[in-house]
Structure formats: structure tokens, C-alpha cells
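Visitor: Residue numbers (full-length UniProt numbering): 1 to 128.
One or more hints might be untrue.
Restricting the straight-line Cα-Cα distance to at most 20 Å, the calculated cross-link-like pairs of lysine to aspartate or glutamate (EDC-like) are [said to hold, decoys possible]:
1. Lys-44 with Asp-105
2. Lys-44 with Asp-116
3. Lys-20 with Glu-109
4. Lys-115 with Glu-104
5. Lys-44 with Glu-104
6. Lys-44 with Asp-64
7. Lys-115 with Asp-105
8. Lys-115 with Glu-47
9. Lys-20 with Asp-33
10. Lys-44 with Asp-119
11. Lys-44 with Glu-111
Quick list of the computed label-pair ranges, beta carbon to beta carbon [as the list claims (entries may be wrong)]:
12. Gln-118 with Ser-25: 32 to 42 Å
13. Ser-24 with Ala-112: 31 to 41 Å
14. Asp-119 with Pro-16: 30 to 40 Å
15. Arg-127 with Gly-92: 12 to 22 Å
16. Arg-31 with Tyr-128: 17 to 27 Å
17. Tyr-128 with Gln-7: 16 to 26 Å
18. Phe-72 with Gln-118: 13 to 23 Å
19. Gly-79 with Trp-42: 16 to 26 Å
Simulated from the structure, these hints should not be mistaken for laboratory data.
For glycine and all other residues, C-beta sits at the position ideal for the given N, C-alpha and C.
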Amino acid sequence: MHGPRGQSYPAVSGRPNGGKFDYSSGRFGMRSDGPIPPGRYWIKPSEMWSNHWYNLASRSAWGDHRITIHIFPGTETYGRGGFFIHGGTHAGSAGCVNLHSRMEDFVRELEAATKDSQDCYVPLTVRY
1 MHGPRGQSYP AVSGRPNGGK FDYSSGRFGM RSDGPIPPGR YWIKPSEMWS NHWYNLASRS
61 AWGDHRITIH IFPGTETYGR GGFFIHGGTH AGSAGCVNLH SRMEDFVREL EAATKDSQDC
121 YVPLTVRY
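I would like the entire structure built from these sequences, with the hints used as guidance.
Guide: If you want it as C-alpha cells, here you go:
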């Protein structure tokens, strides 16, 4: 994944299949296991959610931050939704974009790039 200032971040989506991540088209419609389908999406930096020390949400699955991924019209999601960009202590997700240990770096870069316009819309293209 490439950040707003061109920084590259290793990312995975979906759950491993036989120990490996499988981005074949047959998995795009698999709820809770398959990767986010390729297509056009967008994020809004002001929607960043932070898991503060007093929150009870699991850090192992979500990490300390997550941001909603919105679907552009025309993107085929196979009836799926509820996608996020997030971190966590292990690679893998139910279809989100998981930046794993690099989520903190992505959050810092996104905040720096949008500090004067947190309500902007940032395009996101998913390709495999």
C-alpha cells in the first residue's frame, strides 16, 4: 500500500489460506475470509478511530487505530462491506486492509498530509 506522501507499506487482506494469502478472484466474495475486492474506494481522515488505553476493544485484531474504507459506486464488492484499514498484532483480517505493525507509521503520515483538511476525501485503489 502507498501512503499519501508516497511511502510504501506492506499490507495484507483476508485470512491466510494454507498459510499463504490468496488474492485470487474466487476469494473476493468470501465473507470473513476473502480479501477486499479490487476496485475504487475512499477514506476520510477525520473518521480515524483510536483505541485509547481505557477502551476495551481488542488491540490484537484492530491495533490502536482504524479508518473506514468507503466504496465508490461501480466497485463490485460481492455484497460485502464493513472494510477498514487497521493494524493489529498478527497479519490477516476479515477482508480489511491490514497494515499490521506499520499502521502507526501510516497514521502519522496521513495526519501530517491532511493536518489542514481532515475532512478531505482520499482516494484508495485496491489492485492485486
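Visitor: Go through the numbered hints given earlier and state which of them the structure violates, listing their numbers in rising order.
Guide: 3
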